[in-house]
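Asks: Construct the entire structure; sequences and hints are all you get.
From first to last, the protein sequence lines stand for chains A and B. Taking our numbering, the leading residue of the first sequence gets 1, the next gets one more, and so forth. Taking our numbering, the leading residue of the second sequence gets 1001, the next gets one more, and so forth.
Please note: incorrect hints may appear among the correct ones.
[Stated by the list, open to error] Calculated lysine to aspartate or glutamate pairs in the EDC-like style (CA-CA distance at most 20 angstroms, straight line):
{"#": "1", "chain 1": "B", "residue 1": "K1182", "chain 2": "A", "residue 2": "D49"}
{"#": "2", "chain 1": "B", "residue 1": "K1246", "chain 2": "B", "residue 2": "E1195"}
{"#": "3", "chain 1": "B", "residue 1": "K1182", "chain 2": "A", "residue 2": "E176"}
{"#": "4", "chain 1": "B", "residue 1": "K1182", "chain 2": "A", "residue 2": "E170"}
{"#": "5", "chain 1": "B", "residue 1": "K1164", "chain 2": "B", "residue 2": "D1189"}
{"#": "6", "chain 1": "B", "residue 1": "K1182", "chain 2": "A", "residue 2": "D82"}
[Unchecked claim] Just so you have them, the derived chain A footprint on chain B, three or more residues with Cβ under 8 angstroms:
{"#": "7", "region": "1173-1180"}
{"#": "8", "region": "1184-1198"}
In short, the hints are calculated from the structure, not lab data. Backbone N, C-alpha and C define an ideal beta-carbon position, used for all residues, glycine too.
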Amino acid sequence: MRPGGISVSRWTPWVAGAAVLAVLVWVMPLVRIVPLEATREQSAVAVFDPAARAAEFWTGPLQAAAADAVDAAELLGALADDPAAAAARYGHRLGLATMSSYLVAGEGTIVSVDARSVAISLDDDQDPGNDAEVVIELGPVFGNAIRDGSGLLDVSDFPNAQDFNALSAEINRRVEEEVLPALAAGAEAGRAVRFAGGVEVADASELPVLRVVPFRVEFP
Amino acid sequence: MMRARPACLTACLAILAAAALTACSREDTGERAAEGDGAERVAVVVSTLNNPWFVVLAETARDRAEALGFDAVIFDSQNDPAKESAHYDNIIASGYDAILFNPTDADGSIANVRKAAAADIPVFCMDREINATDAAVSQVISDNYSGAVALGRYFVEQVGETGKYVELLGLVGDNNTWNRSKGFHSVVDRYPGLEMVAQQSADFDRAKALEVLESILQANPDIDAVFAGNDAMAMGAYQALVAAGKAERVKVFGFDGADDVVRLIAEGRIAATAMQFPKVMAETAAESASAYLDGKRDFQQKVPVPVELVTGENVASFGDYGRRQD
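Replies: Structure below.
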């Protein structure tokens, strides 16, 4: 045995212990230091952004769904014949709701305009007169007509219902900012108009005037 | 050969051993619950029984479960997440078959639901949600936001587009508190003439609401309205206004559809409330639990239940925590 051998063997357990400890601390650190930027990015992913989600929905699935919207006159006829069957065929219901929501589209003639709303007589309805079958209120917009009428957004996909509601509020804000000003500016009695939007119809309501929340309005 | 183990290494190994033992004991708890005796028992865990509305919710859930053939027991969490967690431990250890659950905290209660799920005990939330869609089997929840939007619109009709008001919030950890508040403000904030002079939490509690509003009235004696996030707080606020001699002038708006508030609406002393349907939610949850134990698995995760505006004009249609049967 070399003269220094005793000294080496005395330190060996300490070196081995330190190595094991280093491995343990590496695998299971008592404190993990994470760059601030990384936590910010993580938080940004976790926080729901209703404006971004509404923008994505508005420009993509919602516009595409307009092609499948039920004709407003057809919906009115179906509701007059059998409200439950109309709801089952064309509508969407949120949980145990006592109303159905629909995505509708139509063309008609504006019969009256005031500060709060625009009334429209449909071109292809069964009533040959000038009675208004559709009313578009000029804001503010409340409710969930577009969110729920589209049938494309499911509350079960949202861990926090506040996010689902914030999304609806953001959709309504876009209606107020991007659709209704143009309608208010161009609406006049006798003018033709084309629209697509959401509508909510309560189970207990009489045959309704459809109160449409539009996401698209055009003057052909 | 190592003659002496370094002290720090010994400590690390001890910690590791303790962690391993803890993990084992958790798994054991789950297995014990999963290997229960199979007796069909349902636990009804409710946030509080110090509020008549929740008493109706809990008792309806229990009664419906019993009618479906289960033994059912109510556990009162007393608005305390720690008590709720202790109830879950007891329920799991006792081998209950299902839990009808009204959480105390949308985030804090998730761990309890996961704990039950790990022990193969299905959980069905009632009225209040948890912020997870992969823990409970189903969540039957009030559509509070839409109800509060309707209430907000009526508030503007009744109070007008100018005035001062107070908002009493419920438990700040509960999503319903914020769904109601945000729904209400999504309407009322559109009218700049309506000024909220105070917004304080009274924890959904009648006595706290009385104290809070009495204090607010000292600094704001000229308010026109109070929006309370539930009817217990609306009752407390109304008591404070009566004591201050302001009940005739200040309009009170509640939320829930509690019997005493519905009665005061009929008497013209409270302006409005939003009727939730605790019996519908409790019965739906109990029936879902029964269906689950019979083998059904395709449940909708969230089942919103509508909330209806109750005013002086339609109050005759409501009572007994729901819509009167014609």
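Asks: Against the structure shown, which of the earlier numbered hints fail to hold, in ascending order?
Replies: Per hint list: single violation, 6.
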